[in-house]
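**Q** Here the protein sequences come in this chain order: A and B.
Everything in the first sequence is counted per our numbering, starting at 1 for the first residue and increasing by one.
Everything in the second sequence is counted per our numbering, starting at 1 for the first residue and increasing by one.
The set of hints was computed from the structure by calculation and includes no laboratory data.
For each residue, glycine too, the CB sits at the ideal point set by N, CA and C.
You may find that some hints are simply not true.
Partial pick of chain B residues on the chain A-facing surface, computed with a CB cut under 10 Å [claimed, not checked]: (1) Gly278; (2) Arg286; (3) Leu293; (4) Gly307; (5) Glu309; (6) Ala312; (7) Val319; (8) Met322; (9) Gln381; (10) Asn383; (11) Val384; (12) Ile385; (13) Ala386; (14) Leu392; (15) Pro393; (16) Asp394.
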Amino acid sequence: MSLVLREEERLLKHAAQAFFPARAPVKALRVLRDTHDGSGFDRALWRDMAELGWAGILVPEAHGGSAFGYRGMGVVLEEAGRSLCASPLVGTALLGAPLIAELGSASQQAAILPAVAAGDCVLAVALEETPRHAPHQIATAAERVAGGYRLRGHKTFVLDAHVADRLLVVARTHGATDAADGLAVFLLAPATPGLAITRTPMVDSRNAAELVLDDVKLSDEALLGTANAAWPALERCLDGARAGLAAEMLGTGLEAFERTLAYLKLRQQFGVPIGSFQALKHRAALMYCELELTRSCVIAALHALDEAGTDSAELASLAKAKACDMLELVTNEAVQLHGGIGMTDLEEIGFFLKRARVQQMTFGDAEFHRARYARRRGW
Amino acid sequence: MSTLDDFRSDTRAWLEANCPPSMRTPMPEDERVWGGRQPSFKHPDSRLWLERMAARGWTVPSWPREFGGGGLDADQTQILNGEMARLRCRSPLFSFGISMLGPVLLKYGTPAQKARHLPPIARGEIRWCQGYSEPGAGSDLAALATRAEDRGDHFLVNGQKIWTSYAHYADWIFCLVRTDTSVKQGGISFLLFDMTSGGVETRPITLISGASVFCETFFTDVRVPKENLVGRLNGGWEIAKELLQHERGMIAQIGRAIGGVVPDVDVIARQYLGDAQGRIADPILRDAVARHLMNDRAFALTVRRAGEESAAGVANGGVSSMFKYYGTEQNKRKFELILKLAGTRALGWEAPGFSADELTLCRSWLRSKGNSIEGGTSEIQLNVIAKRVLGLPD
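Produce the entire structure from the sequences given, and follow the hints as far as they go.
**A** Below, the structure written as structure tokens:
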């Protein structure tokens, strides 16, 4: 039994199902957007999520984590995805914390992970430098200088960077710009001299920022793990983030689908509910099939990550690719089947469309993951 | 748990000892064993394999022992299937009796009907065919018009069926007949009769693939004993619908099995397009291959998840229609992609100039078109999902 929820995961799901619609409905995201909230999320809400153990799901128990694993993380992310909850769940709990747990020294872990699990430390992983996900296309250079490193470069689409308490910057300590070898991860405070952070407002009203690193001088203690050798751990953590984000996307897709289904039953034209028309029924049934397939891929990938299965990379790409294709279909259909009301800002369905495209682009879209799958398969 | 582990090791040992090595190889379609009064065993070891499996009740592992089954519970059945897959054991018997009729006889049959019909099905001694569709009753199956008149001690059957799979090889038929013309679904009954009865005639239909697996079947004053009515008079529609669920599951599997005769798309791609390292240079075709195989994997994971959910008692009611729809559409996409990958090598109709495998690609491509029509069209499956799972209004 690996593809159905276990008892403790069902309890986690119930807790998340109660929490998100009450505490972080889509309306809350609208308020963050319309008030031009500088932080783009609610820190008090994040502390409450941490109180429930969710900030530390992937933090080892020795550092105050709840250790539910990727399967547990997926359960919470799915429900967060349903309500489009703006929080550091992806950047901090899903990607940042495991990266520190994988690469950090014992003292680095002890210094940061307990605060992460408590909801007191927001993390931001600065990876991307190009418009499309290209995890080892890293031109940001970390040059060896006396007593440390000097970083120069530019980062884009860094989740939560402008509100982060610590930044994890991927830089090149060796090799050519597109080589997987020669990467390292550095831990920075946001106020480090030479580091400029600019928030970039995205279509989904969620947090992202650009970084300019202009001769940022760091001591040796800022290096997470060893120089040149970050790629295997970074790739493992990215696979976790891909599978976890696919779980969030499953939730977003399910919610958009269920709202659309409700509308098909409610909306009357020609004297009957439009959901009685076969042309629309078939489109709904197709979406149902794609959602079911996505769910299987997501839980299989999360399970493989927890078990450190040899196929976890392939399954993570499968889950992310499937979630991307599913969500593009479902959100496009959701707007179309809502008709004119679906084009209005008043109706919430548009928030799902906007969030979906950002989710699709985050950590690699379907095209990226199909190419990766093919490469791993040897063709 | 330990008893299941014991069962697994006993099963593994028995299969190792009893499944001939020749029965652990991929099975060409023409080596399938369908049983019946005049059985064909193209591969000589297939008879021995069938006899050994039937003696153990493992042609129908989950049926009760008194009817020729193995009496296994769900966990044991899953273990047996898993061990057979692990050793690549061929399925010993293909049978509509097992996959379609058996489950409804177990539920609706009288003790006498079960005792008479189930053991010969389990042993592969009687081959069954399905009399459902008619020229005027396809997707609208309940419009069927084949009449069964009550003549006291027997029914007199007159009418015509079509798309009767393998009727020309079948020994018996399970057949939907009209016993009341005043109501539609409520006037249908479920009858069993011998295909050697007077007045039964079959004519094979040549398909676009050149094969003839379906027949037109004509009934002229066929006398059917009253004891061959399954369930109550005019109660056949409920049985018919239930049987269709078993049929859908089987077609989704057969679609894969037919596909299974032909290699996966990556193998075809490497064969016809691969460079020395086996890489597919064309990025558009590589993407298409990846998309297809990833959807295959997503589907296989969904079938596995449904099995786990069913074992855990949290089954989802819509799965048979979803599997029928997705499995057959995916199989059709496989062959369309193969045509793109192999180019004109997959468009040969006869030798010379083409290998046997290449000719199989072409014929299988044509055959796959029927997967989304037989057993309820894709459009009907989507209707079923919309109504039963999604609750959309009529």
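**Q** A separate judgement is required for each hint: does it hold in the structure or not?
**A** Here's how the hints hold up against the structure:
1. Gly278: Nearest chain A Cβ about 6 Å off; hint holds.
2. Arg286: Cβ of Arg286 (chain B) sits 5 Å from chain A, so the hint holds.
3. Leu293: Hint on Leu293 (chain B): holds, closest Cβ of chain A at ~8 Å, below 10 Å.
4. Gly307: 9 Å, holds
5. Glu309: 6 Å, holds
6. Ala312: For Ala312 (chain B), the interface hint holds, since the closest Cβ of chain A sits about 5 Å away, which is under 10 Å.
7. Val319: Holds, about 8 Å.
8. Met322: 5 Å, holds
9. Gln381: The hint holds - Gln381 (chain B) has a Cβ within 10 Å of chain A, the shortest such distance being about 8 Å.
10. Asn383: 7 Å, holds
11. Val384: 8 Å, holds
12. Ile385: This interface hint holds because 4 Å falls under the 10 Å limit.
13. Ala386: It holds, given that the least Cβ distance between Ala386 (chain B) and chain A is near 4 Å, below 10 Å.
14. Leu392: Leu392 (chain B) check passes; min Cβ-Cβ to chain A is 4 Å, inside 10 Å.
15. Pro393: 5 Å, holds
16. Asp394: Since the shortest Cβ distance to chain A is 6 Å, the answer is holds.
Comparing the model with each numbered hint stated earlier shows that all of them hold.
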